[in-house]
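Generate coordinates for the entire structure from the input sequences, incorporating the hints supplied.
Protein chains: 2
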Amino acid sequence: MAADKPLLIYSTDIAPEWIDYNGHLRDAYYGLVLSYASDALMDHLGLDEAYRKATSTTLYTLEQHQHFLHEVMKSDHLEVRVRLLAADAKRMHVAFDFYTDRYPDPVSIGEVMLLHVKQGATPGAVPFPEAIARAIAALLSASAPWPAPGPASRPLELRKR
Amino acid sequence: MAADKPLLIYSTDIAPEWIDYNGHLRDAYYGLVLSYASDALMDHLGLDEAYRKATSTTLYTLEQHQHFLHEVMKSDHLEVRVRLLAADAKRMHVAFDFYTDRYPDPVSIGEVMLLHVKQGATPGAVPFPEAIARAIAALLSASAPWPAPGPASRPLELRKR
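If you read the protein sequences in the order shown, they are chains A and B.
Counting in the working numbering, the first sequence tops out at residue 161, every number present.
Counting in the working numbering, the second sequence tops out at residue 161, every number present.
You can trust all of the hints, since none of them are fake.
For each label pair, taking beta carbons as the anchor points, the in silico distance ranges come out as:
id, chain 1, residue 1, chain 2, residue 2, range
1, B, 104, A, 155, 24 to 34 Å
2, B, 105, A, 8, 31 to 41 Å
3, A, 151, B, 86, 17 to 27 Å
4, B, 133, A, 129, 51 to 61 Å
5, B, 16, A, 145, 37 to 47 Å
Straight-line C-alpha distance at most 30 Å; calculated DSSO-like pairs for lysine-lysine:
id, chain 1, residue 1, chain 2, residue 2
6, A, 74, B, 53
7, B, 74, A, 118
8, B, 5, B, 90
9, A, 90, B, 74
10, A, 53, A, 118
11, B, 118, B, 53
12, B, 74, B, 5
13, B, 118, B, 90
14, B, 53, B, 90
15, A, 5, A, 90
16, B, 90, A, 74
17, A, 5, A, 74
18, A, 90, A, 118
19, A, 53, A, 90
20, B, 118, A, 74
21, B, 74, A, 53
FYI, nobody ran anything at the bench for these hints, they're computed from the structure.
Don't be surprised by glycine CBs; every beta carbon is placed ideally from N, CA and C.
Below, the structure is given as structure tokens:
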């Protein structure tokens with residue numbers, strides 16, 4: 001089944017307390033929306049609460065990048081679409097595209113590196129079990145056709161404008 | 001006056017609601033702490049509420065990168081130190097190092113690119129006024145001696161481990 005867009009993984013209205021003194025969504029709350037979208041992705045892949053409780057494993061975020069491309073207002077509704085960019089036995093590199101109704105292009109794009117970790121006295125990375133690995137492979141295939149709809153992860157530097 | 005560490009710009013305890021199902025600080029709330037540290041930096045440089053109201057200018061975050069280096073627990077107290085990495089007439093590239101008492105090295109390092117914007121019907125970038133530019137230059141000089149205490153901004157990719 002061909003979809004016409006990457007998988008819609010999470011959507012939310014803007015909570016009033018997320019608006020800052022500039023009158024729009026405070027930068028940090030893009031990160032919270034991404035974090036909730038990442039939770040939804042875990043549910044989608046079978047890394048849900050039951051799995052986490054049964055195995056004491058979870059995902060740790062190692063690194064996160066966020067591009068802020070358009071202002072988001074309190075009246076906006078955010079839709080977050082997911083593209084799995086890469087994965088190995090223990091890690092996923094995931095992109096989340098944030099859309100509103102007011103722009104055809106994303107208002108923000110976030111990328112994260114996620115690591116599968118067994119918690120305990122000394123938390124350590126462990127491979128995804130086979131069923132999860134299959135779900136990851138399926139999402140990787142489904143994501144392959146989609147080009148990045150905006151800037152990708154890059155080093156921060158003062159480029160000439 | 002020689003300081004033995006970069007400027008302490010913000011500190012905070014961990015709010016109980018910032019703890020996630022993994023038992024430590026949710027990734028997104030590092031971003032919120034960085035956002036508050038960024039507000040404190042604005043006050044430090046004279047880009048405070050009075051300035052913002054008088055001029056209708058403020059800072060927009062263009063891009064943000066965050067490294068998550070150690071787990072942060074609810075009993076931790078976060079100290080955020082600031083290093084100004086680069087600046088031009090309208091932009092600042094800032095690093096924020098997050099410390100707790102439990103580790104000598106940072107638990108997290110965030111970097112942001114900030115743009116000076118005049119708000120209105122069509123927001124647009126404008127140069128910093130002279131007094132602010134002087135404060136920025138002073139912080140840039142004060143930051144110069146400090147090496148990065150951990151990883152710097154880079155592209156996200158699945159490197160071999």
